[in-house]
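Start from chain A and add chains B and C according to the hints.
Next come the chains, spelled out residue by residue.
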Amino acid sequence: MSDRIKAARRNVSRNEGLIFEKSAPGKRGVELPPLDVPAVDARKLLGTDYVRDGVEGLPEVSEIEVIRHFTRLSTWNYAIDLGMYPLGSCTMKYNPRVNEFVARLDGIATEHPYQPQELSQGCLKILATLRQCLLEITGMDAATLQPAAGAQGELTGLLLIRAYLASRGNPRKKVLIPDSAHGTNPATVVIAGYDVENIRSDARGQLDIARLKELVTDDVAALMVTNPSTLGTFEPRIAEAAEVLHSRGALLYMDGANMNALAGVTRPGDFGVDVMHLNLHKTFSTPHGGGGPGAGPVLVKKHLEPFLPIPVLTERDGRLVLDAHRPQSIGRVRAFAGNFGVLVRALAYTLAYGAGIRQATEDAVVNANYIRKRLEDVYELPYDSPSMHEVVFSDARQKKFGVNTMDIAKRLIDYGFHPYTTAFPLIVPGALMIEPTESESKEECDLFVDAMRSIAEEAAMEPELVKTAPHSTRVGRLDEVGAARRPVLRWKAKSSAEAAD
Amino acid sequence: MRYLPKSPSERQEMLDVIGVRSAEELFRSIPEEFRLKRPLNLPGPLSEAELIRYFQDRAAENSRGYTSFLGAGVYNHLRSVVVDTIIQRGEFLTSYTPYQAEISQGTLQAIFEFQTLMCELTGQEVANASMWDGSTATTEAVLMADRLTDRQRVLVARSLHPEYRAVLATYAKNVGLEIHEIGFTASGQIDTAALAAAIDAQTAAVVVQSPNFLGVIEPVAQIAELAHAAEALAVVAIAEGVSLGVVRPPAEADIVALEAQSFGLAPSYGGPYAGAIATREKFVRQMPGRLAGQTTDSQGRRGFCLTLATREQHIRRERATSNICTNQALCALAATVQLCLLGKQGLREMAEQNLAKAQYALAKLEEIPGVRRALSGPVFNEFVIRLPRSVRLVNAELLREKIIGPLPLGPFYPDLTKCGLVCVTETTSREEIDRLVASVQRILAKPLGGSLI
Amino acid sequence: MYPNEYRYTKEHEWVRLEGGTATVGITDYAQHALGDVVYVEMPRAGTKLAAGKSFGTVESVKAVSEIYAPVSGEVTEINASLAGAPELINTDPHGQGWLVKVKGAAPSEITTLMDAAAYQAYIAEKEKEASA
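Chains as they are written, first to last, in this note's numbering: chain A, 1 to 501; chain B, 1 to 453; chain C, 1 to 132.
Extracted from the complex, chain A is given alone in its bound form (with noise of 0.2 Å):
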């Protein structure tokens, strides 16, 4: 290149910078009604301790680089739009667009949740008709739709015990968790106040009933469990673990996050559940957005609903009220009603289907028995109980060649998949979670197939190009332990990490 081209880069979308690494002053993307009454000067308003200047590392740029900036980066995801995600226990599945249209509409998108409640109804009969659906859907007797996410579901439903407990003269003081439990579960139990006790599972990877009632002690205040289990297999024995339970006293506590194998064909309040929680942005097709927002609503049985959080929907004179006057309540869990711009795109989903949403339940457990199926020769299954709308494989065969589940995850990358779950559930060493939702046609779960028994005969034959995948993204492999021995946490004017391309 001769001295004169400086800044020659070739593929400008793939090498796009920060947004204030293109600021210049002066340059502005949004411009202001001008203003109709008389302007202020804020220093001898406010006095000059309570004035600053402007905020500094504000960039300067104009709406097109805006755009340009924004929709460049976006080029860089993998999303459900461009493929399969096999994420175990995320339910990937497709968000329908119109969910999006009609929680933007005037007249949801605009209401303030302190506005009079007369002209509220059309949100608060969205919020009931939500809760009827899922009431239905699930068996159980009384709802909240406040906490903003399954774990804060998950602690609602612990905090909701223990109201219920205390009020029978006794909180008790710990609770039981599978080995296989997802993260959230131990660290939710921690912050209500209880302490975790592990349950190992059996030799099927399943709910060890001798062991649980050599457990359940007075001591014990609930056994939290996820069903599906997280192995993807139905616990054949809950309704025993209820009886357990109950007879002690206890309370089961059922972690939603699978239920998309399960609504229209079984309900947990008809096999013992005493609470539960759901992910809306699992099976209920609210989007992902790269982290959420999410919803994680609480269902409970007639004993616990005095307890529910405030506020309740409720009925008075023929018009929906939110009711925060309810003594025996744990309290409020978050502001206002909820995430209910989520809520609006799970009732959404539930009445495009209806009662046709048992076909999306039977189509999951399809998609996944027939990539069991097909898989099932040429990487390992730990366990040989029945698959619902989830498949677990381990990566021991391909261990023998030195390749182990993060490889293989990596290298799926660059048949243009995202990767399924690695390294969990921690039951199974080297796990492969397997989940495909639904929203898969056969050509995708065959693509997907391929792809996997292309990978377990390279394993075999090149190892070094598992081990050393992915080669065909932006970047390759990044140095997470950089990253956390020497954390950069954000841009700074001149800041000293300029990389070449």
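Simulated from the structure, these hints should not be mistaken for laboratory data. Just so you know, not all the hints are guaranteed correct.
[Claimed, not checked] With a straight-line Cα cutoff of 27 Å, these simulated BS3-like cross-link-like pairs (lysine-lysine) come out:
{"id": "1", "chain 1": "B", "residue 1": "Lys173", "chain 2": "A", "residue 2": "Lys173"}
{"id": "2", "chain 1": "C", "residue 1": "Lys62", "chain 2": "A", "residue 2": "Lys399"}
{"id": "3", "chain 1": "A", "residue 1": "Lys44", "chain 2": "B", "residue 2": "Lys364"}
{"id": "4", "chain 1": "A", "residue 1": "Lys467", "chain 2": "A", "residue 2": "Lys400"}
{"id": "5", "chain 1": "A", "residue 1": "Lys400", "chain 2": "C", "residue 2": "Lys128"}
{"id": "6", "chain 1": "A", "residue 1": "Lys399", "chain 2": "C", "residue 2": "Lys128"}
{"id": "7", "chain 1": "A", "residue 1": "Lys492", "chain 2": "A", "residue 2": "Lys22"}
{"id": "8", "chain 1": "B", "residue 1": "Lys37", "chain 2": "A", "residue 2": "Lys302"}
{"id": "9", "chain 1": "A", "residue 1": "Lys399", "chain 2": "A", "residue 2": "Lys467"}
{"id": "10", "chain 1": "C", "residue 1": "Lys126", "chain 2": "A", "residue 2": "Lys399"}
{"id": "11", "chain 1": "C", "residue 1": "Lys103", "chain 2": "C", "residue 2": "Lys53"}
{"id": "12", "chain 1": "B", "residue 1": "Lys173", "chain 2": "A", "residue 2": "Lys302"}
{"id": "13", "chain 1": "A", "residue 1": "Lys467", "chain 2": "C", "residue 2": "Lys62"}
{"id": "14", "chain 1": "C", "residue 1": "Lys53", "chain 2": "A", "residue 2": "Lys174"}
{"id": "15", "chain 1": "A", "residue 1": "Lys467", "chain 2": "C", "residue 2": "Lys126"}
{"id": "16", "chain 1": "C", "residue 1": "Lys53", "chain 2": "A", "residue 2": "Lys173"}
{"id": "17", "chain 1": "B", "residue 1": "Lys282", "chain 2": "A", "residue 2": "Lys492"}
{"id": "18", "chain 1": "C", "residue 1": "Lys10", "chain 2": "C", "residue 2": "Lys53"}
{"id": "19", "chain 1": "B", "residue 1": "Lys173", "chain 2": "A", "residue 2": "Lys301"}
{"id": "20", "chain 1": "A", "residue 1": "Lys301", "chain 2": "B", "residue 2": "Lys37"}
{"id": "21", "chain 1": "B", "residue 1": "Lys282", "chain 2": "C", "residue 2": "Lys62"}
{"id": "22", "chain 1": "B", "residue 1": "Lys173", "chain 2": "A", "residue 2": "Lys174"}
{"id": "23", "chain 1": "C", "residue 1": "Lys53", "chain 2": "C", "residue 2": "Lys101"}
{"id": "24", "chain 1": "A", "residue 1": "Lys467", "chain 2": "C", "residue 2": "Lys128"}
{"id": "25", "chain 1": "C", "residue 1": "Lys128", "chain 2": "C", "residue 2": "Lys10"}
{"id": "26", "chain 1": "B", "residue 1": "Lys402", "chain 2": "A", "residue 2": "Lys125"}
{"id": "27", "chain 1": "A", "residue 1": "Lys442", "chain 2": "A", "residue 2": "Lys373"}
{"id": "28", "chain 1": "A", "residue 1": "Lys301", "chain 2": "A", "residue 2": "Lys173"}
{"id": "29", "chain 1": "A", "residue 1": "Lys400", "chain 2": "C", "residue 2": "Lys62"}
{"id": "30", "chain 1": "C", "residue 1": "Lys126", "chain 2": "A", "residue 2": "Lys400"}
{"id": "31", "chain 1": "B", "residue 1": "Lys282", "chain 2": "A", "residue 2": "Lys494"}
{"id": "32", "chain 1": "C", "residue 1": "Lys10", "chain 2": "C", "residue 2": "Lys126"}
{"id": "33", "chain 1": "C", "residue 1": "Lys101", "chain 2": "B", "residue 2": "Lys282"}
{"id": "34", "chain 1": "C", "residue 1": "Lys48", "chain 2": "B", "residue 2": "Lys282"}
{"id": "35", "chain 1": "A", "residue 1": "Lys213", "chain 2": "A", "residue 2": "Lys302"}
{"id": "36", "chain 1": "C", "residue 1": "Lys53", "chain 2": "C", "residue 2": "Lys126"}
{"id": "37", "chain 1": "A", "residue 1": "Lys174", "chain 2": "A", "residue 2": "Lys301"}
[As the list claims (entries may be wrong)] With the Cβ distance kept under 10 Å, some of the chain A side facing chain C (calculated, not the full set):
{"id": "38", "residue": "Ala423"}
{"id": "39", "residue": "Glu480"}
{"id": "40", "residue": "Gly482"}
Yeah, the Cβ is synthetic: ideal placement off N, Cα and C, and Gly gets one too.
Then chains B and C, alone, in the frame of chain A:
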């Protein structure tokens, strides 16, 4: 069904491969007694047009056509069209949490930019990738202060948003934290004398909101000094982010819990919004929530990845800094886009417009006989006025003119009966303010209990 | 590889007694299992340790490991280099990667721990179990 990509023959083919005759057989691991024998009793199925109609009907039952003067933690601000253009892109909307960094660089870089913006706004050194909202961010900030100081007492300003206080109380009960409230003076600011008297060696944190629920800006530097003298931490909650365009940021605070709803997020009847925690670098390992860090790949190219994950639930499990997993990523992206569009100048100008309009509204309202400003402290875009009669009754009249009036404060603060909180933003026009003033004047001129014609 | 003058615990810590001061670290086996160390959480000087109880953690990117005190006593010094260079635990776990110095340890506590030969046999057994 339009969301299911299988033809009947494809379903059959797949069942054949699996080796079952029907999908029903795949559920045989569920005990027979629990398998539903009837279809669920649910409304629908609705076609797309029917769905749209359904929600349009609900929208018509809300507050369309009304002018609102409500704030109190949720603000009507300008929302650039470009925000939706970006967050509606499938690659952002339908992408997963960026655990696989190589194929999530878009999300990760955007988070890194969000973290940077939160630091610039709040005057802090590090910020996280979002919490659920301001109320839970404030709660998590307090829990963080408890972990850092290993102390159990928390002093909370009474002027902290009542719902934030309620959420904090719910969480605090279960981890053994003692919450004590410190009142406010006639200025509306925290009673610093009472605060000084209450701080002791057991105090983990002092928690204030600025501007507070009553619209008044708190003397953060002074509060922080009092806290630090006892080796306690200063936690500042900010519900109205636009105030940071002109109000000095709480740089002396140890932890800031910011609600970012004011930046590009519609009120949406209470959510989803985006909280963020910003703090000093030395506290970063006790900070909850995800963090995106800058790093390089094997070729030396700059990239981003989630980092310091050992604080989080999926690794630390019961010893995690928080149980948070799903956060508010897309909302944080919306805030990022809006802040980039506004930029340094735009945010300053927006903040100044809020200040000017609020002063105009306050002055005009005080011209009405019997109406007075209730608190003397400095305000941004919200203020409290005292009326000669019940705010609720005045509001009932205002509703007939399609105006949603000041938030009655009596239910939140029994000592503030006949007081209402008025919020005015850059989206409120002069005509709307004039109309409010004229209507309030007219309503107050009518004798109480008289004919309403 | 495993210094003869050190003693070793089942949780893969080592301890070396010199005069009245015990120096404590984690073994090469432990650092290898953890992977690249990114951070070490340690007690302040003056903290009292109880043999067998956890006194800190060592973190890699994907895991956190507790460190258990091999002996009782009071922490007199922590290895300040680890804050800026946690990788010392990987490159020199038995030397520059030391964690804390402890005073007041009873010599009897140390002699009950494994010597180098016993420890090497112990980890050989562990590796056999893992690949079984």
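Results of checking the hints against the structure:
no.	hint	verdict
1	B:Lys173 - A:Lys173	holds (15 Å)
2	C:Lys62 - A:Lys399	holds (20 Å)
3	A:Lys44 - B:Lys364	holds (19 Å)
4	A:Lys467 - A:Lys400	holds (13 Å)
5	A:Lys400 - C:Lys128	holds (15 Å)
6	A:Lys399 - C:Lys128	holds (16 Å)
7	A:Lys492 - A:Lys22	holds (13 Å)
8	B:Lys37 - A:Lys302	holds (24 Å)
9	A:Lys399 - A:Lys467	holds (11 Å)
10	C:Lys126 - A:Lys399	holds (18 Å)
11	C:Lys103 - C:Lys53	holds (16 Å)
12	B:Lys173 - A:Lys302	holds (24 Å)
13	A:Lys467 - C:Lys62	holds (18 Å)
14	C:Lys53 - A:Lys174	holds (22 Å)
15	A:Lys467 - C:Lys126	holds (26 Å)
16	C:Lys53 - A:Lys173	holds (23 Å)
17	B:Lys282 - A:Lys492	holds (17 Å)
18	C:Lys10 - C:Lys53	holds (13 Å)
19	B:Lys173 - A:Lys301	holds (24 Å)
20	A:Lys301 - B:Lys37	holds (22 Å)
21	B:Lys282 - C:Lys62	holds (22 Å)
22	B:Lys173 - A:Lys174	holds (17 Å)
23	C:Lys53 - C:Lys101	holds (16 Å)
24	A:Lys467 - C:Lys128	holds (24 Å)
25	C:Lys128 - C:Lys10	holds (16 Å)
26	B:Lys402 - A:Lys125	holds (22 Å)
27	A:Lys442 - A:Lys373	holds (13 Å)
28	A:Lys301 - A:Lys173	holds (22 Å)
29	A:Lys400 - C:Lys62	holds (23 Å)
30	C:Lys126 - A:Lys400	holds (19 Å)
31	B:Lys282 - A:Lys494	holds (22 Å)
32	C:Lys10 - C:Lys126	holds (11 Å)
33	C:Lys101 - B:Lys282	holds (24 Å)
34	C:Lys48 - B:Lys282	holds (24 Å)
35	A:Lys213 - A:Lys302	holds (26 Å)
36	C:Lys53 - C:Lys126	holds (22 Å)
37	A:Lys174 - A:Lys301	holds (21 Å)
38	Ala423	holds (8 Å)
39	Glu480	holds (5 Å)
40	Gly482	holds (9 Å)
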